[in-house]
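J.: Since the structure of chain L is provided, determine the placement of chain F on it from the hints.
Chains L and F, in that order, are what the protein sequence lines are.
Heads up, the first sequence is in our numbering, so the first residue is 1 and it goes up one at a time.
Heads up, the second sequence is in our numbering, so the first residue is 1 and it goes up one at a time.
If you are wondering where the hints come from, they were derived from the structure by calculation, not from laboratory data.
Some hints here could point you the wrong way.
Calculated pairs, DSS-like style, for lysine-lysine (alpha carbon to alpha carbon, straight line, at most 25 Å) [unchecked claim]:
#1 L/K194 with L/K123
#2 L/K12 with F/K182
#3 L/K132 with L/K237
#4 L/K44 with F/K182
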Amino acid sequence: MEAVEAKHKSQKQDQFEGVDFYQIDDLLSEEHKLVRGAIRDFVKKEISPSIEQWAQDAHFPYEIVRKFGEVGAFGPQIPETYGGGGLDYISYGLIMQEIERGDSGMRSTASVQGSLVMYPIYKFGSEEQRNKFLPKLASGEMLGCFGLTEPDHGSNPSGMTTHFKDMGDHYLLNGAKMWISNSPKADIAVVWAKNEAGRIHGLIVERGMEGFSTPETHNKWSLRASCTGELVFDNVKVPKENLLPNKSGLGAPLMCLDSARFGIAWGAIGAAMDCYDSARRYAMERIQFDKPIASFQLIQKKLAEMLTEITKAQLLAWKLGKMMNEGKATTSHISLAKRNNVAMALEIAREARQIHGGMGITGEYPIMRHMMNLESVITYEGTHDIHLLILGNEITGIPAFK
Amino acid sequence: MKILVCITHVPDTTSKIQFTDNNTKFDKTGVQFIIGPYDDYALARAVELRDQTGGELTVLNVGEAETEPTLRKALAIGADKAIRVNAFPKDAYFVALQIAHYAKEGAYDLILMGRESIDFNGGMVHGMVGELLGMPSISPVMKLDIEGQSAKMAREIEGGKEYIEVDLPFIAGCQEPIAEWKIPNMRGIMSARTKPLDVVETISDETFSQVNAFQLPPAKGAVQLIDKDNVEELVRLLKNEAKIL
Numbered sequence: 001m002e003a004v005e006a007k008h009k010s011q012k013q014d015q016f017e018g019v020d021f022y023q024i025d026d027l028l029s030e031e032h033k034l035v036r037g038a039i040r041d042f043v044k045k046e047i048s049p050s051i052e053q054w055a056q057d058a059h060f061p062y063e064i065v066r067k068f069g070e071v072g073a074f075g076p077q078i079p080e081t082y083g084g085g086g087l088d089y090i091s092y093g094l095i096m097q098e099i100e101r102g103d104s105g106m107r108s109t110a111s112v113q114g115s116l117v118m119y120p121i122y123k124f125g126s127e128e129q130r131n132k133f134l135p136k137l138a139s140g141e142m143l144g145c146f147g148l149t150e151p152d153h154g155s156n157p158s159g160m161t162t163h164f165k166d167m168g169d170h171y172l173l174n175g176a177k178m179w180i181s182n183s184p185k186a187d188i189a190v191v192w193a194k195n196e197a198g199r200i201h202g203l204i205v206e207r208g209m210e211g212f213s214t215p216e217t218h219n220k221w222s223l224r225a226s227c228t229g230e231l232v233f234d235n236v237k238v239p240k241e242n243l244l245p246n247k248s249g250l251g252a253p254l255m256c257l258d259s260a261r262f263g264i265a266w267g268a269i270g271a272a273m274d275c276y277d278s279a280r281r282y283a284m285e286r287i288q289f290d291k292p293i294a295s296f297q298l299i300q301k302k303l304a305e306m307l308t309e310i311t312k313a314q315l316l317a318w319k320l321g322k323m324m325n326e327g328k329a330t331t332s333h334i335s336l337a338k339r340n341n342v343a344m345a346l347e348i349a350r351e352a353r354q355i356h357g358g359m360g361i362t363g364e365y366p367i368m369r370h371m372m373n374l375e376s377v378i379t380y381e382g383t384h385d386i387h388l389l390i391l392g393n394e395i396t397g398i399p400a401f402k
Numbered sequence: 001m002k003i004l005v006c007i008t009h010v011p012d013t014t015s016k017i018q019f020t021d022n023n024t025k026f027d028k029t030g031v032q033f034i035i036g037p038y039d040d041y042a043l044a045r046a047v048e049l050r051d052q053t054g055g056e057l058t059v060l061n062v063g064e065a066e067t068e069p070t071l072r073k074a075l076a077i078g079a080d081k082a083i084r085v086n087a088f089p090k091d092a093y094f095v096a097l098q099i100a101h102y103a104k105e106g107a108y109d110l111i112l113m114g115r116e117s118i119d120f121n122g123g124m125v126h127g128m129v130g131e132l133l134g135m136p137s138i139s140p141v142m143k144l145d146i147e148g149q150s151a152k153m154a155r156e157i158e159g160g161k162e163y164i165e166v167d168l169p170f171i172a173g174c175q176e177p178i179a180e181w182k183i184p185n186m187r188g189i190m191s192a193r194t195k196p197l198d199v200v201e202t203i204s205d206e207t208f209s210q211v212n213a214f215q216l217p218p219a220k221g222a223v224q225l226i227d228k229d230n231v232e233e234l235v236r237l238l239k240n241e242a243k244i245l
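Excised from the complex, chain L in its bound form (with noise of 0.2 Å):
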């Protein structure tokens, strides 16, 4: 066992350090720096020694699910008395642009967790579901997944096929889903379908219950470290109990989409932060021409774009955060900054991929790991144009995408 640990673990010190150029700090409680620097702490010990090898061998660590629970990254948004942190939104985001300063595919996992299964189970399920799920999702003793893109409906979910029939006792489940995080691995999926009336409702379905199956997805070149799958639904009995029984429609996934977005928002400005820390120490370090290539003013052009687009997406999660805790976030608001912050932090990790040189293609740096992983990230969860279309139906009055 320790030989194969040592074989994954990587001899570099992750050194990372914040960024914080405009005191952002300030508008930070102690507690959320407190938050920041437990999860820092626990992404140096527990995923920079082995992220580069977990990617390169497209192999999920199961047990990094334990470890996430023991250290409270599932679900800090949700009550205590349900096993979650009882944290506010800037902490949950503190927490997401940690992880992901890690790796995006770790931070999926936890999103997933989080906001896709704990999320839903606590906002609209039963007093019951309550308790036999979340206490165990928060510890990591259960992994849970969220189905609701399909193989055909990935922009337009309300046009999904996926459907329930009541048969009195239970419900028939029919149907598949597509691209959904933690699948192979999970223990429990909240899955959206239609009932009978064509109403889109909630459902938990649990592994092992006959006709349901999770296929993995191979040959991503994205989130390797993360396990991706499918959600097969062949005649599968659900037990009514099993129903979300308090929000049906749409809206229902798509609340639970933006509590995640609004995670992946700060988790962008981690994947940002670690390119851009990288970038910036291998310029230090790299000689070109008998001095650092950060003497060069392209190098400096670059460096300091990087500095001043952190910095703007920084003060937008926070403000963002502030208003998610004072219950005045609107979908817009959400995609705006989901948007912004994926899109700069691609931008930044392309950038800083230049300037380590050949150097970035390697995995002896993150910087290629953070941009293929970016790709899966400015298409998941709203891609980049839908999130366009979320502000400009905000602007005008007129969806552009019905």
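T.: Just chain F now, with coordinates in the frame of chain L:
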């Protein structure tokens, strides 16, 4: 069992150290403060011992209001309550006097701290507290187990280890690998909100020393590499340039 862990509030190990006011004051601008790394080991072991034996774990810091986030972190890691002795820690004796007073008042069975702080690195406070309380004080302790009313420990000595058994109560200056540093979890951070943090006043202002000025160590010189076959050149440089032969 009642355990007291004394922690320092010190600049992070990667901080840039600068001085102001004619080199008489440490410049805190942009400096992150942490629990002293050796104190952090002591705290980690204390949390484990408290969990094993039951009882209560108190953390204490001699410092001004700005050290409270550091105490709050110790509460998040697992301490049950915190005491802040409201004063700038002027010197080791001053700090030892405060600790000895509050330790006596609390009648602790075990008083742990780091082998030394990492700001002034004096490594004197545990010894002084032992003297003031008339208790054994042992340092640097790298292994500590409690069995009933006595403790078994391993202490680092020149070229080896010394195994000691001592009756409670006593004081220990700790170092790795006594325990692994603990990362506070989110539930710990939440519960730290409501744990008591008492601010108390100093018992005496007496000091043994005062700081006149600080000086940074000289900048590191460039490294010169000498071919392994060129021993004469090495000897010549050690003689003529380094002047150590």
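J.: Hint by hint, note whether the structure agrees.
T.: Tested hints:
{"no.": "1", "hint": "L/K194 with L/K123", "in the structure": "holds, 19 Å"}
{"no.": "2", "hint": "L/K12 with F/K182", "in the structure": "holds, 22 Å"}
{"no.": "3", "hint": "L/K132 with L/K237", "in the structure": "holds, 19 Å"}
{"no.": "4", "hint": "L/K44 with F/K182", "in the structure": "holds, 13 Å"}
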